[in-house]
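Q: Whenever a hint applies, use it, and build me the whole structure from the sequences.
Residues per chain are reported as follows:
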Amino acid sequence: MSSAEAPDIRAPRTQRTFGSSGRSNFELYSWLFMRISGLVLIFLVLGHLFIMNVLDGGVQRINFAFVAGRWSSPFWQVWDLLMLWLAQLHGGNGLRVIINDYAERNSSRMWLKAALYASMVLILVTGTLVIFTFDPNIS
Amino acid sequence: MPTAPAGTLYRGREGMWSWVAHRITGALTFFFLFAHVLDTALVRVSPEAYDTVIATYKNPVVNLLEVGLVGAVLYHALNGVRVILIDFWSKGPKYQQAMLWSIVAVWMLLMIPGVYFMLEHTVSAVFGGS
Ligand code: HEM
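As given, the protein sequences belong to chains A and B, one line each in that order. The first sequence maps to residues 1 to 139 in our numbering. The second sequence maps to residues 1 to 130 in our numbering.
If you're looking for bench data, these hints aren't it; they were derived computationally from the structure. Just so you know, these numbers come straight off a predicted model, no measurement behind them. Beta carbons: idealized from backbone N, C-alpha and C, even for Gly. Since no wrong hints were added, every one of them can be taken at face value.
Covered stretches of chain B, as calculated for chain A (at least 3 residues, CB under 8 Å):
| hint | stretch |
| --- | --- |
| 1 | 14–27 |
| 2 | 31–42 |
| 3 | 73–79 |
A: The following block contains the structure:
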């Protein structure tokens with residue numbers, strides 16, 4: 001039997017190729033990003049929830065003056081900015097995976113992901129602008 | 001004679017349910033984050049606009065929903081650590097079930113005082129007291 005009759009199956013563990021453009025490790029990096037961002041979010045998000053909801057009267061003491069006091073410090077500005085970006089990218093990537101799992105038609109997957117990416121851009125841009133342009137003396 | 005396949009529904013016990021809960025809490029948190037960034041953006045409109053929207057967070061019913069959200073995020077965070085340990089720690093898969101019960105215990109330990117402080121004001125406002 002000649003080798004020409006061997007079935008056309010790739011050797012195990014060869015990477016998937018995409019069209020003629022070569023390889024992509026996107027899913028590997030996204031998997032890794034979920035774990036690294038998750039570890040950082042533990043401190044940022046649980047710290048945020050503790051300060052805002054539990055400590056010192058919790059949500060009852062929050063108002064404009066409270067926000068102005070916090071954002072006068074670069075420490076909390078950086079904290080909130082990092083939390084915004086990491087949570088949005090981590091949660092958005094998680095939702096991308098969920099859409100891929102459940103939306104079976106190509107067109108529904110495309111539309112759901114278009115809506116997801118649009119909402120991520122909206123939230124990232126709005127949130128970043130709010131932190132950078134905050135004005136304690138507004139109106 | 002070949003028989004029809006037995007039931008093929010995957011029943012992964014605790015491991016499967018911990019994953020289902022991780023997925024639901026993650027998606028829930030993401031949707032809340034959408035609303036939360038937009039309500040916070042009202043600090044760029046006026047102090048009054050912001051204080052008005054923040055007042056809804058202080059409403060007793062919404063306050064109860066916040067306890068649910070904190071519980072969901074806390075579960076997601078603790079189980080996230082468990083998932084990371086299963087992936088990267090050589091003994092992780094062996095202890096995955098023990099780790100699940102451990103994070104449930106940690107969740108309870110943190111939530112009991114947490115719920116107390118989160119609801120302290122609401123309980124005294126709704127049920128009176130001095
Ligand atoms: C607080 C610390 C957090 C940790 C340690 C954490 C950890 C993780 C990990 C390790 C995964 C991957 C699970 C897997 O591949 O099976 C994951 C998935 C996910 N996370 Fe988080 N996360 C955290 C916070 C958040 C936040 C704040 C959000 C929402 C904005 C979020 C939304 C999601 C979503 C939607 C998924 C996808 C779930 C799935 O595919 O089933 N997570 N998280």
